[in-house]
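Can you build the whole structure from these sequences, using the hints too?
In terms of this note's numbering, the sequence shown opens at residue 314 and continues consecutively.
If you are wondering where the hints come from, they were derived from the structure by calculation, not from laboratory data. Heads up, the beta-carbon is just placed ideally off N, CA and C, and yes, glycines get one too. Certain hints may be false.
[Said to hold, decoys possible] Just the calculated beta-carbon pair ranges, DEER-fashion:
no.	residue 1	residue 2	range
1	Pro380	Leu348	12 to 22 Å
2	Ala375	Ser353	13 to 23 Å
3	Cys386	Glu357	32 to 42 Å
4	Cys386	Trp358	30 to 40 Å
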Amino acid sequence: MQRSAPPFNHQMMGGCCSEKEQYDVAQTAEMNYKLAMVYSPYQEWQNIYNGEKALENGTIFAELDKPFMGYKCNRGMCAL
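What follows is the structure, given as structure tokens:
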């Protein structure tokens, strides 16, 4: 199946390339790269939480119940 590159405008590329150069870049990238590669293991139905605990933890699978290790930000100041 032959696909054409999406239309670009000069501003989308930061004004750095001509329309033909933009088309050539898009077409080359489309021909040489795959969109994505996904690894998604099958979730085993074991160690299942009851309904109340599942709602509390956001998952029914004990293996997926991990502590939140993100940042807390307040007015631009972030801390662990």
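Do the hints match the structure? See the list:
| no. | hint | result |
| --- | --- | --- |
| 1 | Pro380 <-> Leu348: 12 to 22 Å | violated (33 Å) |
| 2 | Ala375 <-> Ser353: 13 to 23 Å | holds (19 Å) |
| 3 | Cys386 <-> Glu357: 32 to 42 Å | holds (36 Å) |
| 4 | Cys386 <-> Trp358: 30 to 40 Å | holds (37 Å) |
Hint violations for this structure: number 1 only, all remaining hints satisfied.
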